[in-house]
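Engineer: Protein chains in written order, with my numbering: chain V, 471 to 695; chain R, 471 to 695.
Source of the hints: derived by calculation from the structure; they are not laboratory data. Please note: incorrect hints may appear among the correct ones.
It does not matter which identical chain is used: a pair holds within one copy or between any two.
[Claimed, not checked] In silico DSSO-like cross-links for lysine-lysine, where the CA-CA straight-line distance does not exceed 30 Å: (1) Lys-628 / Lys-618; (2) Lys-651 / Lys-628; (3) Lys-618 / Lys-651.
What you are looking at is a predicted structure, and each value in this text was computed from that prediction instead of being measured.
There are 2 protein chains.
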Amino acid sequence: MAMQDFPFDVITADEYDRLRAAYEPLTESMRRLVAAGIRTGVDVDEIRQAQAAIDLATEVLERTQRDTTSTLRHAGTGRPLAWANPAVGLRNAIAPPMDIRHESDGTCWAEFTLGPAYEGPPGLVHGGICALVLDHILGEAASDGLTKPLFTGTITLKYMRGTPLGPVRAEAFIERTEGIKTYARGYLGDAQGHTVEADGVFIRPAWARDPGGQERSDSGIRDSA
Amino acid sequence: MAMQDFPFDVITADEYDRLRAAYEPLTESMRRLVAAGIRTGVDVDEIRQAQAAIDLATEVLERTQRDTTSTLRHAGTGRPLAWANPAVGLRNAIAPPMDIRHESDGTCWAEFTLGPAYEGPPGLVHGGICALVLDHILGEAASDGLTKPLFTGTITLKYMRGTPLGPVRAEAFIERTEGIKTYARGYLGDAQGHTVEADGVFIRPAWARDPGGQERSDSGIRDSA
Chain V
471 MAMQDFPFDV ITADEYDRLR AAYEPLTESM RRLVAAGIRT GVDVDEIRQA QAAIDLATEV
531 LERTQRDTTS TLRHAGTGRP LAWANPAVGL RNAIAPPMDI RHESDGTCWA EFTLGPAYEG
591 PPGLVHGGIC ALVLDHILGE AASDGLTKPL FTGTITLKYM RGTPLGPVRA EAFIERTEGI
651 KTYARGYLGD AQGHTVEADG VFIRPAWARD PGGQERSDSG IRDSA
Chain R
471 MAMQDFPFDV ITADEYDRLR AAYEPLTESM RRLVAAGIRT GVDVDEIRQA QAAIDLATEV
531 LERTQRDTTS TLRHAGTGRP LAWANPAVGL RNAIAPPMDI RHESDGTCWA EFTLGPAYEG
591 PPGLVHGGIC ALVLDHILGE AASDGLTKPL FTGTITLKYM RGTPLGPVRA EAFIERTEGI
651 KTYARGYLGD AQGHTVEADG VFIRPAWARD PGGQERSDSG IRDSA
């Protein structure tokens, strides 16, 4: 896949704020809907009534569908917005979403809540959802907030104990870099400590390696997140 | 966590069919809504109109919320329904859903479609979504369709290449069992072959080990899926 396949449009901070104010409440409404659907015990007539309202909303939103071939990048931070991303996307109701903070030392962290929509065994987060959030935050750390082109080589997850539904914290950092490989580590946990630990190896793709030794780091895309 | 924390209600095949017919179209409507929201380009007035319809649907579904402390098990297959599960749940709009088939030799497989809601880099499935579906299907294989109590110890994912959005196939099987450990392997792939390979170690929890040597396998719960 070539870099020119990933066009970027830069948007200003003001435009970002305007779009965020428009879309974020819509996505939050969808998240409440998904949770209500999982737990509902209403009768079939009420289910069909709810479904009709949902289908109406879909019809309104489908009147204009945007071009999905370009990715927006924030003029202030230089980072891609990743609005559609299933881990962090403000416009994707599947995402918790993780609100990832970047420290000056390169550490990334996010504190967020995983509710009933992410449940595996009763009261606990699905192990695969733990994997989703850890894959994402390790990738953010390894790629400096998705500003360096990298793809995931391998990731290993060690489950220490079940992760209770509710508030969680994820954190990741670069352990070391060796040539084209970046080694990142991180964890997911609750107030009692780590529940899952992760180690990942991220690879700089061939098209981003300069034979003269200078990295091309202007793509802002990580291939597997 | 003790086994008595996971009560089961058995439902008949007829009741399963009745409930599935009620809920499945509702969840499908929610999945279309989530996808439409990601790509919509309508103006703010239309966004608010859609949001009002969504909030109405949520209000209807919240009129009766069911008890979530018990898990339904199908009378015919003996397997938990996992209707709320974020990988396979028929009632969870986050789930693709994976429709997992169990072969007589213990192999599990699922063919399903991953659309724009699961996108990471343009045109490709988010690496963490690959991890979610592989964690789940390895757990299904290791626990014989969630009928044996197991929790995930570790899982390692090897990304061979990006997984294009669209139809995919996941498969998993038990490689070997050693005492309390079950080793499972699997892959995710498209028509061109494997895109991600996975190895997992699943552990039988202490409360399910009988000192006399006989396993307790009547709980039907895997702790981390």
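Engineer: Now tell me, hint by hint, if it's right for this structure.
Structural biologist: Do the hints match the structure? See the list:
Taking CA atoms no more than 30 Å apart as the test, Lys-628 paired with Lys-618 passes in both settings, with 27 Å inside one copy and 21 Å between copies. In this assembly of identical chains, the alpha carbons of Lys-651 and Lys-628 lie at most 30 Å apart whether taken from the same copy (21 Å) or from different copies (14 Å). Taking the shortest Cα distances, Lys-618 and Lys-651 sit within 30 Å of each other inside one copy (12 Å), while across copies they are farther apart (39 Å).
Every hint from the earlier list agrees with this structure, and none is contradicted.
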